[in-house]
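Working from the sequences, and respecting the hints, build out all of it.
So you can see what is in the structure, the chains are spelled out below.
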Amino acid sequence: MADIVIMPKLGFDMAEGTLVRWVRQVGENVAKGEVLAEIETDKATVEVESVFSGVVRQQLVQAGTSVPIGSPIAVIGTADEVIDLARIAASSSGGAPVVRAASAAAPAPQTPAAVVAGPAFGGRSSASPLARRLAGEAGLDLAKVRGTGAGGRITRKDVEAARRAPVARPAAGAGPSAWLPPLPFTPGPAGEEVRVPRTRLRQAIGRRMTEAKQQVPHFYVTHEYRMEALMAVRAQANAYLAEAEKLSVNDFLVKAVALCLRQFPNLNASLAGEAVVQHAEVNVGVAVAVEGGLLTVVTREADRKALRLLARETGEMVARAREGKVRSADVEGSTFTVSNLGMFEVEDFIAIINPPEAAILAVGSVREAAVAEGGVVKSGWRMKATLSADHRVTDGAEAARFLQALAQYIENPAGLLL
Amino acid sequence: MAKLTMREAISQGLWEEMERDPRVFILGEEVGVWGGTYAVTKGFYDHFGAERVRDTPIAEAAIIGGAIGAALSGARPVAELMTINFAFAAMDQIVNQAAKLHYMFNGQMILPLVIRAVGGGGRQLGATHSQTPDAVFAHFPGLKVVAPGTPADAKGLLKSAIRSDDPVLFLEHATLYQSRGEVPEGEHLVPIGRSAVQRPGRDVTLVTYSKMLEVSQRAAAELAKDGVEVEIVDLRTLRPLDMGPVLDSFRKTNRAVIVEEGWRSYGVGAEIAARIYEEAFDYVDAPIRRVAQKEVPLPYNRSLEQMALPQEQDIIQAVREVL
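Chains as they are written, first to last, in my numbering: chain U, 1 to 418; chain H, 419 to 741.
It is possible that part of the hints are untrue.
Okay, derived cross-link-like pairs now, DMTMM-like style, lysine to aspartate or glutamate, Cα gap no bigger than 25 Å in a straight line [to be verified]:
#	chain 1	residue 1	chain 2	residue 2
1	U	K378	H	D644
2	H	K670	U	E373
3	U	K325	U	E16
4	U	K157	H	E647
5	H	K460	H	E603
6	H	K670	U	E228
7	U	K32	U	E49
8	H	K670	U	E345
9	U	K378	U	E347
10	U	K32	H	D700
11	U	K378	H	D666
12	U	K213	U	D348
13	U	K144	H	D700
14	U	K157	H	D700
15	U	K246	H	E697
16	U	K246	H	E696
17	H	K670	U	E137
18	U	K246	U	E345
19	U	K378	H	D660
20	U	K157	H	D644
21	H	K670	U	E160
22	U	K246	H	D700
23	U	K157	H	E739
24	H	K712	H	E632
25	U	K157	H	D621
26	H	K670	U	E411
27	U	K9	H	D700
28	U	K9	U	E243
29	U	K246	H	D666
30	H	K577	H	E603
31	U	K378	H	D621
32	U	K157	H	E696
33	U	K213	U	E274
34	H	K670	U	E368
35	H	K670	H	E739
36	U	K378	H	E647
37	U	K157	H	D666
38	U	K157	H	E697
39	H	K670	U	E224
40	U	K384	H	D666
Simulated from the structure, these hints should not be mistaken for laboratory data.
Structure (structure tokens):
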């Protein structure tokens, strides 16, 4: 009985995909796990692996055609069986092919697998789930790793050994390391002086920040947060989510900040003459580095949005900002800003307030640190955040209380999932 | 800190709660004039009187049934079952009445009832008086099941159990009464439903509780001589089960051995292993091993009895298998 291969769903918002190229032609054999075709979504080109073994009997979609997810794209069966599409469709729910990232904009660097001399490790390799995960993360082919666990099982130790093993170099002279720029042999003569005109965005940022730094009396309060619980909850939550939907630490922080601001209306505020306007909505801006400058995208009513929705909206806005397709609604109306440099291994920093807001939170990296608890030094995960606040609106004590209250949300992250 | 035996710690906890709250009273076989089969309530009868330390007939269903009635009427009974093996004679009262009344009557009444029961093998009491059926009771929602392995936990958990508004089965191990440990002075409470790391280590997570904590500690000390650092997580409460420390430890060591005194099939080890596989699958680096009682009614003969019960060597071997 033949099987139908369908267009797979590759992301939360994927509605259709374009079949770019058939890798296996009608009449050719394909084994389960072999690449059948390449498809393109609005994000990347991916290879589609067959979930069935057999002969490609029919291609139901021509190369270059775009079809909705779930549509049948191919029929795989035996070489001589009679293909009755209607009958197959009635009895088969369709096999969504396995996909793997392929020639996206920049091809993923081919991590050379550690080559282990010895017999071929054919067949199904027995590897612990941990080893499988670590090998996947390292881009190692488990078939080439020798297992030393019970019954030849590949364990973490084996994967780590394989990663340390000398790697087979490509024939062409690669540098000492793929990610280090080549070191010049001798310092050459100094280069020419270059004048780079400032973009309009750069100029706007300069104007606003000069104004803020000159006119707003800033003060700064730093707090260190215990991140073990949040990292654990994030890992648990992300296990349920597709790659495109994974929650970032910043998503959690935006939600935590939003909930906390509900307790501190005076920090979700703007100065207006002799009055302080405490805003009705909590709209959290997230600073995004873009080509030639910085934008703040705004998650509206972040306190009332489920984390997953918040993350998706923020992700979409960030993507638009980076592609230069930002919409005016994306960048207007923030009542508080979060600026996160955590991804750059920053311990802490201070940010300039984004007027007319009353405060901005500068967030550093989540890093492993030696922490003392109950007289014992152990390893833990910590993150520092610094609040810059406008002294015309608030004082150090309130800022400190806000940071302290924020710890309640960050360190008890289950509440952020509700 | 005072070094107390498990017996003294339990006795002290019980005494303090009776002094603190006049609604607390004891009932059971030989708990009064005789002072308890395991001498836990020695001196209670003379101090608190016959009203609050009640000797009962040899009728477990009546003991628990009476305690349930008293709890529903506003008292806080601590019913003692001479051994957990006799709980089967009161099974309907325990699992159909005590565990379900609060639920079935929509929370209209509370059931502040503690059942103290002695379990475990190793004293040559024969197959019917030596069982460790902890998992049977932990199976039922509505019942809290507590099984301390140290004197400090025994005292702190018993006090929490007496103050709990839910029925709590408090399991004491027959061969732990003489074991000594430090118990904090003054008011000492241990919350129900919290596991704890009893020995830190990096190589293997050893999950256990009650008597097997003691055996596991010996095995861990032995393994440490060969440089194997075992992390011991003591469950302390079987229901509600706190997997947090177990999972934290497992994500660090990636290997686990679960040690229980009861039988392996459908046991505590099965539950813990399943939860690890469910919640930390991507951290598993070796099959999880269970150490448990051999699947036979526990023999009377001393050598055979010891062979059937999990021993230090069994634990050491299991740890070596997962390394």
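Outcome of the hint check:
Restraint check for U:K378 and H:D644: satisfied, since their Cα atoms lie roughly 24 Å apart, inside the 25 Å limit. Distance hint between H:K670 and U:E373 is fulfilled; the C-alpha atoms sit about 19 Å from each other, no more than 25 Å. Restraint check for U:K325 and U:E16: the C-alpha separation of about 22 Å stays at or below 25 Å, so the hint holds. A hinted pair counts as satisfied when its Cα atoms are at most 25 Å apart, and U:K157 with H:E647 qualifies at roughly 17 Å.
Among the hinted pairs, H:K460 with H:E603 is consistent with the structure: their alpha-carbon atoms are about 21 Å apart, no more than 25 Å. A hinted pair counts as satisfied when its Cα atoms are at most 25 Å apart, and H:K670 with U:E228 qualifies at roughly 13 Å. Of the pairs offered as hints, the one joining U:K32 and U:E49 holds, with about 7 Å between alpha carbons and a cut-off of 25 Å not exceeded. With a CA separation close to 24 Å, the supplied pair H:K670 and U:E345 stays within the 25 Å bound.
Note on U:K378 and U:E347: the hinted pairing holds, with a Cα-Cα distance of about 19 Å set against a maximum of 25 Å. The straight-line distance between the Cα atoms of U:K32 and H:D700 is roughly 24 Å, inside the 25 Å bound, and the hint therefore holds. Proposed proximity of U:K378 and H:D666 is supported: the alpha carbons are some 14 Å apart, at most 25 Å. In summary, the hint linking U:K213 to U:D348 is supported, as the alpha carbons are separated by about 19 Å, within the 25 Å threshold.
Note on U:K144 and H:D700: the hinted pairing holds, with a Cα-Cα distance of about 20 Å set against a maximum of 25 Å. The hinted pair formed by U:K157 and H:D700 meets the criterion: a straight-line CA distance of about 15 Å does not exceed 25 Å. Restraint check for U:K246 and H:E697: satisfied, since their Cα atoms lie roughly 18 Å apart, inside the 25 Å limit. Between U:K246 and H:E696 the CA atoms are separated by roughly 20 Å; this keeps the pair inside 25 Å, and the hint holds.
At most 25 Å may separate the alpha-carbon atoms for a hinted pair to count; H:K670 and U:E137 meet this at roughly 18 Å. Our distance criterion of 25 Å between C-alpha atoms is met by U:K246 and U:E345, whose separation comes to about 20 Å. About 22 Å separates the Cα atoms of U:K378 and H:D660, which keeps this hinted pair within 25 Å; it holds. For the given pair, U:K157 sits about 19 Å from H:D644 by alpha-carbon distance, which is consistent with the 25 Å threshold.
This hinted pair checks out: H:K670 and U:E160 have alpha carbons roughly 16 Å apart, not beyond 25 Å. This hinted pair checks out: U:K246 and H:D700 have alpha carbons roughly 17 Å apart, not beyond 25 Å. For the hint linking U:K157 to H:E739, the alpha-carbon distance of about 15 Å falls within 25 Å, and the restraint holds. Simply put, H:K712 and H:E632 have alpha-carbon atoms about 19 Å apart, close enough for the 25 Å limit, and the pair holds.
Our distance criterion of 25 Å between C-alpha atoms is met by U:K157 and H:D621, whose separation comes to about 12 Å. Between H:K670 and U:E411 the alpha-carbon distance is near 20 Å, which keeps this suggested pair within the 25 Å criterion. Of the supplied pair hints, the one linking U:K9 and H:D700 holds, its CA atoms being roughly 24 Å apart against a limit of 25 Å. A threshold of 25 Å between alpha carbons decides the hint, and for U:K9 with U:E243 the separation of about 12 Å falls inside it, so the pair holds.
Annotation: proposed proximity of U:K246 to H:D666 holds, straight-line Cα distance about 22 Å (limit 25 Å). Restraint check for H:K577 and H:E603: the C-alpha separation of about 14 Å stays at or below 25 Å, so the hint holds. Proximity of U:K378 to H:D621 is assessed by CA-CA distance (about 16 Å); at most 25 Å being required, the pair is judged to hold. A distance of roughly 23 Å separates the Cα atoms of U:K157 and H:E696; the hinted pair therefore holds under the 25 Å criterion.
Proposed proximity of U:K213 and U:E274 is supported: the alpha carbons are some 20 Å apart, at most 25 Å. For the hint linking H:K670 to U:E368, the alpha-carbon distance of about 14 Å falls within 25 Å, and the restraint holds. Distance restraint check for H:K670 and H:E739: the Cα-Cα separation of roughly 18 Å lies within the 25 Å cut-off, and the hinted pair is therefore satisfied. Of the supplied pair hints, the one linking U:K378 and H:E647 holds, its CA atoms being roughly 16 Å apart against a limit of 25 Å.
A distance of roughly 20 Å separates the Cα atoms of U:K157 and H:D666; the hinted pair therefore holds under the 25 Å criterion. With a C-alpha separation of about 22 Å, the suggested pair U:K157 and H:E697 falls inside the 25 Å cut-off, and the hint holds. Taking the CA atoms of H:K670 and U:E224, the gap is near 24 Å; set against the 25 Å cutoff, the hint holds. For the proposed pair U:K384 and H:D666, the alpha carbon gap of about 23 Å is at most 25 Å, so the pair holds.
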